[in-house]
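There are 4 protein chains.
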Amino acid sequence: MPVAEVARQMLDYYPRELNVDRDLFVACIEACYDCADSCTQCADDCLAEENVQELTTCVRLNLDCSDICVATGRVVGRQTGFDANVAGAIVRACIAACRSCADECDIHAAHGMEHCRVCAEECRRCEQACEELLPAIGG
Amino acid sequence: MPVAEVARQMLDYYPRELNVDRDLFVACIEACYDCADSCTQCADDCLAEENVQELTTCVRLNLDCSDICVATGRVVGRQTGFDANVAGAIVRACIAACRSCADECDIHAAHGMEHCRVCAEECRRCEQACEELLPAIGG
Amino acid sequence: MPVAEVARQMLDYYPRELNVDRDLFVACIEACYDCADSCTQCADDCLAEENVQELTTCVRLNLDCSDICVATGRVVGRQTGFDANVAGAIVRACIAACRSCADECDIHAAHGMEHCRVCAEECRRCEQACEELLPAIGG
Amino acid sequence: MPVAEVARQMLDYYPRELNVDRDLFVACIEACYDCADSCTQCADDCLAEENVQELTTCVRLNLDCSDICVATGRVVGRQTGFDANVAGAIVRACIAACRSCADECDIHAAHGMEHCRVCAEECRRCEQACEELLPAIGG
Chain X
1 MPVAEVARQM LDYYPRELNV DRDLFVACIE ACYDCADSCT QCADDCLAEE
51 NVQELTTCVR LNLDCSDICV ATGRVVGRQT GFDANVAGAI VRACIAACRS
101 CADECDIHAA HGMEHCRVCA EECRRCEQAC EELLPAIGG
Chain U
1001 MPVAEVARQM LDYYPRELNV DRDLFVACIE ACYDCADSCT QCADDCLAEE
1051 NVQELTTCVR LNLDCSDICV ATGRVVGRQT GFDANVAGAI VRACIAACRS
1101 CADECDIHAA HGMEHCRVCA EECRRCEQAC EELLPAIGG
Chain E
2001 MPVAEVARQM LDYYPRELNV DRDLFVACIE ACYDCADSCT QCADDCLAEE
2051 NVQELTTCVR LNLDCSDICV ATGRVVGRQT GFDANVAGAI VRACIAACRS
2101 CADECDIHAA HGMEHCRVCA EECRRCEQAC EELLPAIGG
Chain H
3001 MPVAEVARQM LDYYPRELNV DRDLFVACIE ACYDCADSCT QCADDCLAEE
3051 NVQELTTCVR LNLDCSDICV ATGRVVGRQT GFDANVAGAI VRACIAACRS
3101 CADECDIHAA HGMEHCRVCA EECRRCEQAC EELLPAIGG
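Chains as they are written, first to last, in our numbering: chain X, 1 to 139; chain U, 1001 to 1139; chain E, 2001 to 2139; chain H, 3001 to 3139.
Please note: incorrect hints may appear among the correct ones.
As the list claims (entries may be wrong) - Output of the computed footprint for chain U on chain X, the stretches with three or more beta carbons under 8 Å from beta carbons of chain U:
| no. | stretch |
| --- | --- |
| 1 | 46-59 |
| 2 | 97-110 |
| 3 | 115-123 |
| 4 | 129-136 |
The hints are simulated quantities; they were obtained by calculation from the structure and are not laboratory data. If you're wondering where the values come from, they're calculated on a predicted model, not measured in any experiment. Cβ coordinates follow ideal geometry from the N, Cα and C atoms, glycine included.
Using the sequences and the hints given, assemble the complete structure.
In structure tokens form, the structure reads like this:
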């Protein structure tokens, strides 16, 4: 099962009453894990490029974005003892990381780096899923 | 894009020659992220159960498995400077974590805990994807 | 060497010019790793308590805080391609997580839970180190 | 409080009987977090070097080692529902990661890279703490 289906079933089997828009949570959780992998592998692809010296800012933002996406996917995946301040703050950090990483990847995508093009798309998608979840969690 | 598709494209755009069975890597990367989420959310579902006191071993193994799956998904996702000793050892740790977590979840699934049933399935699937990758990386 | 000394030496050997207040970075990096461990172990101690059912919110906030502290310690530990928006946002998320976790731990510390007392202290210390770093990174 | 002191207090306040050699656990937990930070910052220092192209294997092993050290520090920090197979396997993975990363860092330390010299020392120290814990957890 892909992450989206796992996340949905886990919410469906949550044992307490759950008055949340599950679609928004599932979309955000999935996007976070997708983007975490995309950024880990884009950093690795950048390291393998001949002009890696011009890609060090991209590697760094990839690493930041991957770390923050993993933390966000986990926090958003938890419902017990939900804390709107914590969830809102990490989702906003994820938006910032995805935006900066996508902006940097776009520069290199324009010069033909296909892994940066794919990664920028995943970052934008994750940024959007986070933006859409934010009002639902009072962020 | 789900993790599997992200992982495949990132391998396809890897800038150096890559003589690996991409299907095995993609399957393992995807299974690791799926299982990481499954275990994070199963721990959360367990915490919300009335009989949480009987589920503390399950929560603990969920947390271990999630942490190890994230590390494994990242290590397996990297190709630059690939080290067979490191990759083999973390994949074996992932197999051990998935097996123990699935065994524990199975006990509670037999008593009607649906989130544990789903989580056990994801753990078994991740264990298998790791087992299948192991010979390909000389593990 | 403890984390603080590792972090300082790594900044001292950073190969480019570095016009930052190293004390603030070192203090924040160390506090993040200390607090990540404190929260991981407090969650584990809570799981072992007879009244774990009353501690599930504490476990959850421990897990969130640990995940966010690890991400923050890593982001703050990187200087190459430093991005003030990303760093500021994750440091603010860390402040929110530490504050919520400390508030929850304080409740249980008042009822004699010594691990919650220690954890609350580490969370407050990490919150403060993050607050002090924030203006220095333009946050 | 440094990680070692946090880890010790959290074990001291563990609410169930604990028949383990606490010194070995504390030393391993501390070494894992120290090494996680050392590797994160060594990767960052490498990215900032003019000859980063010759350091890409080092960056990769730093990233692997940091990811595996965080997972190991967390697993070893948990006592509830302790599973010797899982703990043994992740500690062995940590030994493999620390050894490979130290070997690679040593090469660059011999050419004057001081951050690699420090990182190699932290990796060796973590490898040793893991080796010493292994028999105590039946690994």
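Verification of the hints:
With 4 residues having a beta carbon nearer than 8 Å to a beta carbon of chain U, the stretch 46-59 of chain X meets the requirement of three or more and the stated coverage holds. With a cut-off of 8 Å between beta carbons, the stretch 97-110 of chain X has 0 residues touching chain U; three or more are needed, and the interface restraint is violated. Requiring three or more residues with a Cβ within less than 8 Å of a Cβ of chain U, the coverage given for the stretch 115-123 of chain X holds, as 5 such residues are present. Interface restraint, the stretch 129-136 of chain X with chain U: violated (0 residues with C-beta to C-beta distance below 8 Å; minimum three).
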